[in-house]
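Using the sequences and the accompanying hints, generate a full structural model.
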Amino acid sequence: MTQVNTLSGRREFLFLYDIKMGNPNGDPDENRPRVLPDGTHYVTDVRLKRFVRDFFKMKGHNILVDNIEGKTTNLTGRVIDYLKKNEKKEANGSELVNILLNAFVDARLFGSSFAFKKGKIEGKDWEPKTEPKTLTGAVQFNMGEVLHDAEEVDILGTSVFGSGEDKTQGTFTSYYGLRYALIGFSGVANEHSAKISKLSDEDYDKMLTALWQGIRSAGNTRTKLGQIPRLLISIEYKSGEEFQFGRLHDYVKLISFSGKNEKNWASPDDYVVDLGKIITRIEEQKEKIEQIQYDVSPDIRFAQEMPKEWKKLKIEDKKI
Amino acid sequence: MEFISFQLKGRTGHFLKAEGGASALSYPFPPRTVILGLLGAVLGLAKDEPQIRLEPASIAVSGKLPTTFWHKVKLRKEDPEYLSISIKKTQKASASGKDSRATLILQEWLFEPEYTLWVSIPEPYHSEISKRLEHRQWHFQPCMGLSEMMADLLYKGKAEAELLKGNTYNINTVFPRNCGEPDFETMFEQELSINSMRMPRSVTTDRVFAHAEYYMERDARPVPVKTDKAYQWKNQVIVCL
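So the protein sequences, as listed, match chains A and B. Just so we're aligned, residue 1 is where the first sequence starts under my numbering, counting upward by one. Just so we're aligned, residue 1 is where the second sequence starts under my numbering, counting upward by one.
Calculated directly from the structure, the hints in this document are not laboratory data. One should not assume that every hint holds.
[As the list claims (entries may be wrong)] Straight-line C-alpha distance at most 30 Å; calculated DSS-like pairs for lysine-lysine:
(1) K263/A x K286/A
(2) K253/A x K89/B
(3) K59/A x K20/A
(4) K72/B x K88/A
(5) K312/A x K195/A
(6) K312/A x K253/A
(7) K286/A x K253/A
(8) K195/A x K131/B
(9) K89/A x K89/B
(10) K88/B x K89/A
(11) K84/A x K88/B
(12) K195/A x K88/B
(13) K156/B x K277/A
(14) K131/B x K238/A
(15) K263/A x K72/B
Next comes the structure, spelled out in C-alpha cells:
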C-alpha cells in the first residue's frame, strides 16, 4: 500500500456562517433550537460534520458514516472491492483498517470505530485487538455557538399533501428556528492523530472547501435552507509546533452597526465583525505560525483590515 | 514531593457514569482515571498507557459543582459491522449494510466546568508535563470527557508540597472518604454543602475499574478534616484522590 504523507503540522480554524429564519440544529425531540443555560444557542459538531460528509458524498467521495436507504455502510464489500481492484487475494488485521481509512475520507477526518470478529490466523486463535480499533478523529470541532443574542421564532403554516389530484385537504404544520444567527465554529487538526488516521494536508484542505461550499449547498430540510458562509480562517503552524489557541470563536466580537438590538438583527448589514483580539493573539504567536489563510463573504464588514500577510484561500474556486 | 498545578476548563463537559441507565449521567468532576487519560493526551501516550506509565500518580482536584443541563442526542444504536480478521477477494458480501436504527437519549452536560488540578507523576513524565503545560504544547487534544468538548489547560505553577502531620486542616480539594475524619459539627456550623459520590479511581489496561468514595463541597469551600494525608502546597491544603 502506498505510504501516505500525513498532515505536516498542526492546523486550527475558525468558521462563521449565518442562517435566517431557519433552525441551525434542532434537538431531536421537539426540533427546537438548542440552547445553553446562559441563553446562548449552540450547534453540535455532529451537525457540521454532517454538512461536510453530505458535500463529500455529493461530489462522489465514499463516506463511512453514511445511510443508504436506511442501511449502514457495508465494510466487507468495500474491502472486497479494493482487493479486486488491486489484484490482492486477501487482507488481514491492520491492513484492513488501512484499506478502510484510505477508502473513507470522513474516517480520516473525524475518526471511526471498527469491530472485528474473533478468528484464526495461520491456525492460531486471534483476539480482535486490531490497531487501531477506535480512532479519535484528527479533526476536532468545538461546539458551534451563535455569537450574539438571537430571537427564536415559531413559524406556523399549513401543508397540503392530497391523496389524489382532486383532493386539496391539508394539515397544520409548524417549525422552530432563529430569526437570524451568525454561528461560529472553531476546530483543530492534530498532526499526531493524523499519523494514526492517515489524514493528509490535501484532506484538510478539502475539508475547508467542504465546510464553505457544503454550508451553502445544504438544504435537505426546510429549516437548513439559506445558510451562507461568511468567514473562514485557517492557521497553519510550523512543523513540530504543538501550540494552539483552542476556542478561536471566543475571540470574535460583533458590534451593532444598524443600532438595532441584537435580537432584531436580520443580516450582516446590522453589525460589524471585530477581529481585533484574534489578530493580536496571532501576532503574539507569529513565530510558531507558518501561514494564515482566509476567505470572506463580500457582505461581511470588519472593524479592521485583514493583515496583509494573510493569504486569500480563494475557496469558491476550489474543487474536491 | 513536587506538584504541578493547572486549571482545567471547558464550555461543556461530560464525564459519563457508566452505570447509568437510560440517561447518560455525568460525574460532576473528572474522575482520577479521566485525569490520567488527560495527562496522557498532553504527553502523547497511547490509549491505556497512562494507567501504566503514570502510576503511581498523586492527583488532587478542586472546583465548584458545575451547573448541568440536558443535551438531547439521537444515537445510532447499531454496532459497527463486525469484520472478519481476514477478508478474501473471492468471498461474498451482502449487497448492503445493516438496517440503521437510532434512539433518543438524554446526556447530562456540565456547563462551564472549571477545576484546579495538582499532579505529581513519575519521571520523566513529570518534567515533560510541566514543560508542556507551561508552554501550551499538547501532543493530542485534551477533552472534557467527550472528544468534541475540547479542554483548555492553563498552567498555574509548580512547587514542593509538604506532607502535614496528623491534625485537623481545612481541605481545599475533593477528598476521599477514607482519608480521615470530617469535622461534621464545624461543617454544620459553617453551613457547608457536602456531596458524596462513588467514582472510578484506577483502571487496568483491560478496562477493569476500581472505585472510591469521595466528598466534594458544592462551592469549593474549605472543609475541616482530621487527616494525616494532607499536603501544604503554597497557601493551599490539598488531599489526593
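Now for the hints, and whether the structure bears them out:
no., hint, result
1, K263/A x K286/A, "violated, 37 Å"
2, K253/A x K89/B, "violated, 56 Å"
3, K59/A x K20/A, "holds, 26 Å"
4, K72/B x K88/A, "violated, 45 Å"
5, K312/A x K195/A, "holds, 28 Å"
6, K312/A x K253/A, "holds, 22 Å"
7, K286/A x K253/A, "holds, 22 Å"
8, K195/A x K131/B, "holds, 23 Å"
9, K89/A x K89/B, "holds, 5 Å"
10, K88/B x K89/A, "holds, 6 Å"
11, K84/A x K88/B, "holds, 9 Å"
12, K195/A x K88/B, "holds, 27 Å"
13, K156/B x K277/A, "holds, 23 Å"
14, K131/B x K238/A, "holds, 19 Å"
15, K263/A x K72/B, "holds, 25 Å"
The structure does not agree with the numbered hints 1, 2 and 4 stated previously, though it agrees with the rest.
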